[in-house]
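Q: Sequence:
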Amino acid sequence: MIFLTCTTLVILKNYSAENDDKKKEIELVNNSTNYQSDLQLLEKTNEQIVPWGVNSLVIAELLEQKKTNERVKVAILDSGINVNHEDLSGKIVKEFNAINPGQPIIDEFGHGTAVAGIIAANNNKIGIKGMSSNVEIYSVKILDHRGKGNIESLIKGIRWCLEQKVQVINISFGMTSDNPELRKVINKAINSGIIVVAASGNNYGLGSDFPAGYKDVISVTAVNKSYKKASFSAKGKIDFSLPGVDILTTSKDGTYAQYSGTSLATAYMTGVVALILEKHNYYQIDKYDKNLPKDIMTLLKNHSIELGNKEVYGYGFVRIS
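The numbering of the sequence shown is the numbering used here, which starts it at 1068 and goes up by one.
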């Protein structure tokens, strides 16, 4: 069975480094009055910037956290990652090619590199600031140069993640129908204490993709700077709404580009989860039990701000402090 990426990333422009209500005592950051895009700001300053998505999700104190010797293990199942990108230097610790085991991984499609930048771009003097400084990335190639893959490769990739004892799995793609074998391996991962985050899909109001549609998978949709749903967002089994429009991140050619899609919102949620694990010192997998994914879901709900119809926005926008 063939599945597609949940989004064909909308590339707005490339950049080369060379060249409303207060609720639960959490406030949304008002980004709607900032008409200058992150890309324009990067081009203008030629210095590292904090993208609007990061700024809206995390309080300043967490953004300034220092690197530690411990890392949250995050698996990105995607098209591969450009390990030579300067803003991702040192972040990818292991790779697995689920399409052609043993073969080198090259991100020809660019999707995985974009996702990785949101989660883990280095806090340095260039490019962008990712969500977390204390993440190590396990890159799993599931998608080919066209952004396509098959169920067998996805299942193989998840099994590899189980062997590596990762703590979070990011799946920024999906398919329209359920698959019993996929559901089985997803449940095995979750029951082992792994948190699975997946994109609901760019389905323009149609139902959520799988594996986002599974009960204990964190399903993510996209909103814009005004915290309104993106026109391409799905409906149905939605858990949370995160930034997914005009997102500046790393690109496969070693530069930066601005994209839109539920894939990017999913990456932001993975970053949020990683920050929560860091904050509570959950680094070692042997600290976990099968209740951890449910505990994380409860915590996310407690830090969410309702945005509207639950079938469209889920529990809303998450802001951590």
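Bear in mind the hints are in silico, worked out from the structure with no lab data behind them.
Hints are not guaranteed to be accurate.
Claimed, not checked - Below 20 Å or equal to it, Euclidean Cα-Cα: the simulated SDA-like pairs (lysine to any residue) are:
| id | residue 1 | residue 2 |
| --- | --- | --- |
| 1 | K1161 | L1229 |
| 2 | K1223 | K1192 |
| 3 | K1304 | K1361 |
| 4 | K1255 | H1212 |
| 5 | K1192 | K1304 |
| 6 | K1251 | N1291 |
| 7 | K1304 | E1219 |
| 8 | K1361 | G1272 |
| 9 | K1302 | K1368 |
Q: All the hints need checking, so say for each whether the structure fits it.
A: Status of the hints after comparison with the structure:
1. K1161 / L1229: OK: K1161 and L1229 at ~13 Å, within 20 Å.
2. K1223 / K1192: 38 Å, violated
3. K1304 / K1361: Since the Cα atoms of K1304 and K1361 sit roughly 16 Å apart, the hinted pair holds (cutoff 20 Å).
4. K1255 / H1212: Answer violated: K1255 to H1212 is near 29 Å, above 20 Å.
5. K1192 / K1304: 39 Å, violated
6. K1251 / N1291: 34 Å, violated
7. K1304 / E1219: Outside the cut-off at roughly 24 Å; violated.
8. K1361 / G1272: With a Cα-Cα distance of about 27 Å, the restraint between K1361 and G1272 is violated, given a limit of 20 Å.
9. K1302 / K1368: 19 Å, holds
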